[in-house]
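Taking the hints into account, I'd like the entire structure generated from these sequences.
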Amino acid sequence: MTDKTIAIACDHGGLELKNILKELLAARGLQILDLGTDDNQSVDYPDYGYAVAAAIRDGRAGRGVLCCGTGIGISIAANRYPEIRAALVHDAFTARMSREHNDANVICFGGRTTGPGVALDCLEIFLDTPFGGDRHSRRVGKLSNPA
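Residue numbers (this note's numbering): 1 to 147.
Relax, there's no trap hidden among the hints.
For each label pair, taking beta carbons as the anchor points, the in silico distance ranges come out as:
| no. | residue 1 | residue 2 | range |
| --- | --- | --- | --- |
| 1 | Asn145 | Gln31 | 27 to 33 Å |
| 2 | Ala27 | Ala92 | 18 to 24 Å |
| 3 | Arg139 | Phe93 | 16 to 22 Å |
| 4 | Glu16 | Pro46 | 16 to 22 Å |
| 5 | Asp58 | Asp91 | 27 to 33 Å |
| 6 | Ala92 | Val140 | 16 to 22 Å |
| 7 | His136 | Glu16 | 29 to 35 Å |
It should be emphasised that the hints constitute simulated quantities derived from the structure, not laboratory data.
For each residue, glycine too, the CB sits at the ideal point set by N, CA and C.
Okay, here's the thing in structure tokens:
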């Protein structure tokens with residue numbers, strides 16, 4: 001798995017925010033695997049959630065970023081893959097906790113619900129925050145292996 005490669009995708013509702021977030025990733029020197037969409041034509045968000053999830057599962061990316069209108073649908077789609085822990089975040093606290101407590105490997109945003117400034121702050125925190133391990137490891141393990 002390549003930790004320096006970030007897979008990113010969106011539907012039409014998240015396109016503008018995706019393009020803003022890509023600028024931050026590029027400025028940090030990360031490799032960007034852009035899996036679409038590239039225009040405002042209506043598309044199905046599950047296809048893009050699945051594409052990022054598959055890229056992480058297959059080792060083409062270490063983490064992912066997803067955007068749709070609210071972030072809800074695309075996060076549900078990505079979480080269909082057992083290897084994925086996609087977190088819909090709304091602020092710095094949820095971004096930090098998604099990494100520290102849940103070892104999230106995909107961050108999700110709503111292009112119609114989250115402003116670019118907040119999203120950029122959350123993405124920075126997501127990229128910089130390590131997993132806390134310890135007591136959280138057991139719980140995170142259960143996310144991919146339900147009883």
